[in-house]
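Note that the protein sequences, when read in sequence, are chains A and B. Quick note: the first sequence uses the numbering used here, first residue 5, plus one each step. Quick note: the second sequence uses the numbering used here, first residue 688, plus one each step.
No wet-lab data here; the hints were simulated from the structure. Ideal placement from N, C-alpha and C gives every residue a C-beta, glycine not left out. The reader is advised that the hints may include incorrect statements.
Calculated Cβ distances over 10 Å to all of chain A for the following chain B residues [as the list claims (entries may be wrong)]: (1) Gly-704; (2) Gly-890; (3) Asp-959.
Ranges of calculated distance between the beta carbons of each label pair, as one might list FRET restraints [as the list claims (entries may be wrong)]: (4) Ala-250/A / Ser-847/B: 36 to 42 Å; (5) Arg-956/B / Ala-6/A: 32 to 38 Å; (6) Asp-958/B / Ala-209/A: 32 to 38 Å.
Dumping the calculated SDA-like pairs for lysine to any residue here, alpha-carbon to alpha-carbon at most 25 Å [as the list claims (entries may be wrong)]: (7) Lys-817/B / His-156/A; (8) Lys-1083/B / Lys-146/A; (9) Lys-820/B / Asp-802/B; (10) Lys-1076/B / Ala-23/A; (11) Lys-1083/B / Val-286/A; (12) Lys-1083/B / Pro-263/A; (13) Lys-1076/B / Ala-89/A; (14) Lys-1083/B / Thr-87/A; (15) Lys-817/B / Ala-726/B; (16) Lys-1083/B / Leu-93/A; (17) Lys-1083/B / Ala-23/A; (18) Lys-1076/B / Val-119/A; (19) Lys-1083/B / Asp-90/A; (20) Lys-829/B / Val-119/A; (21) Lys-146/A / Thr-239/A; (22) Lys-1076/B / Lys-146/A.
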Amino acid sequence: MAPRSLIDVDSLTHEELEAVLDRAQRFRSAAPARDLLAGVPVLNLFFEQSTRTATSFTLAEQRVGADIITFTPGASSLGKGETIADTALTLAGIGVRVIVVRHPESGFARRLADVFDGSVVNAGDGRHAHPTQALLDLLTLKTEYGRFAGLHVAIVGDIVNSRVARSNIVGMRALGIEITLVGPRTLLPESFGRAGVRIARDLDAVLPSLDAIMMLRIQRERTTAALLPALDDYTARYQLDATRAARLPAHAVIMHPGPYNRGIELTDDVLADPRSRYVQQVNNGVFVRMAVLDFLAGTRAA
Amino acid sequence: MSALLIRGGRVVDPSEGLDALRDIRVSDGRISEIGEHLAARPGEAVVDATNCIVAPGFVDMHVHLREPGQTHKETIATGAAAAVAGGFTTVACMPNTEPALDSPTLLREIARRSDVAGLARVVPIAALTKGRKGEELAPYHKLAEAGAVAFSDDGTTVASPRILRNAAQYACDLPQPFISHCIDIDLHGAAVMHEGVHSARLGLDGSPGLAEDIVVARDLLIAHDTGKAWHIAHLSTAISLDLMRYARSRGVRASCEVTPHHLVLCDDRFDDYRADAKVAPPLREEHDAAALRAAVRSGDIDVFATDHAPHGLDEKAQLLSQAPVGFTGLEVALGAYAYALPDLSLDRFITMGALNPARLLGLDAGTLAIGAPADITIFAERPWTVDAKRFFSKGKNTPFDGMTLPRRVTTTIVAGAIAFHDGQIFPRTAIAR
């Protein structure tokens, strides 16, 4: 059997997705043996700056006992297709069995996986996918509600530029979560609508029916690219502040993939809201990544 | 010069209103006789066209042959070989070479290399502005004297409507049309594919149909304003078709072409994030392709053209953002048109592939009339499977690779000599011009 990769959440079947989340939950309640991936060389290949994700992956790799190699090339090196194949061949020859890769271009992880004789874990490729982030978000919801089907989750903000939103849409649809995407049309084109995914322009109307709300980071460059006017025009309509948070049901949770821009997509008092789950999300990230590495190692042995 | 008898084929020549079993005699490079049951004369070579269709030589008015400057991708000679292998007796090469074809010397060199290659006739389309920079007008009259069959900055859009209008006014008295490549670079941005549900899903930058439509509208308005004969290259959206119809209803001298890939393929071919189907304008949505096919049937599209754009395999293997646009088209075109439009009459098929492009470019081609140059394409309704590795073109990349197409070229005759037959090319020492 060829080694499996995690390019997006849909690299996993429904059963595998549930199994990985269960495994992550087990790892969280009781640390597994530290030799799950003993002697397996794992390469962290980050073409793009990352603090939280890289740290989280490194810790997860340590906890399952992998041999860790870290390489942070510039985005321009290794850019050419020919070089992808050559590099993949070289890395496999050296003995690397798992590559955790982040790259600024959509599709890079898929292109690497297609030529690498080993497993690729996508740690974020351009605007395309960030499956371990979606898995940790799903674990957060699972912990909260113990179920997925019938939950209503809103993802708010810069959808078009967000790999987190794309991976969550894929994962949540697979698990039967109702999704409402919220944002202005420049950041959320109509083409995102599909079965199980609604598009809304009015955040206030959506709030009362939610089980969870996920606020995405708004980058200030969106104003200079003329995708947004002055930010206060955007925040007046789409910022989660105390008034809007009060319109959420008492049981609803507030999520953010981080890093957040205080005072833009959400306000300080919302971050302090007891329903905010940012810290739990980050914490779940380590267990989800351990579970993914363990799952992929298992597929390779099979 | 030796003579040739083409026997037993169904001869379809829209220019003469002919569709019947006929034999064709060729001598001195020209059609000399058409009739039933012609007898071979001593020394005359015979081409058996039984169960085949014999048509005037196909003309592709949109190819990129990369010479000078990028001969690792293609040359006049390899492009001319690919052309005859695909059933084309004349191809018009676009001027986006390095340097751009913006001087009479360069145009004459294209003609010379075409003669040396001795396969398809290669005629040059000259740059519309100096260096294709969109800033200064090219010397239209001198370029016309040197053999330019049209003017275009294909590959880019002339950004300034003022400069384009000035060019059209200045060149108004020349018969050579302007050819527009219509993509607004500001709306296009860093797009690698069409903007739609697939680009949204894949997280790839998309180019909206609007980026094409807005320039098609602008250029047709400039054609209206100046009276210049105008041709829209590789038209790909349903809305641009509507704009064409409107322009014609207002008396604009406008024509347009469609490529095999825009007729057959859509924007659902990027799930592997490979650049094999990356092209400009991008593959659109199924409703666009359906509108294009309908417009071929209705006559709203005048011409088939391949936009043959060869690249090295290593270049196309780059990441989507870095890989160049385009792919090889000449050797699949006739099959792909038939695949797209299995119900299209042969009369219309040949009109769009031979007669109309010859007329638009003012070529002595596209007809089997007695006395016309004996440029002849013979093809059969014979399915075949595309194997890009076997192309004569240096470009071995096409999204049609592996597809089975229903129509196959068997023989291509240029100036009365067999240039391609049964999978082999036969270069001549010189083509009579």
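Structure-inconsistent hints, enumerated in ascending order: As far as the earlier hints go, 2, 3, 4, 5, 7, 8, 9, 10, 11, 12, 15, 17, 20, 21, 22 are violated by this structure, in ascending order.
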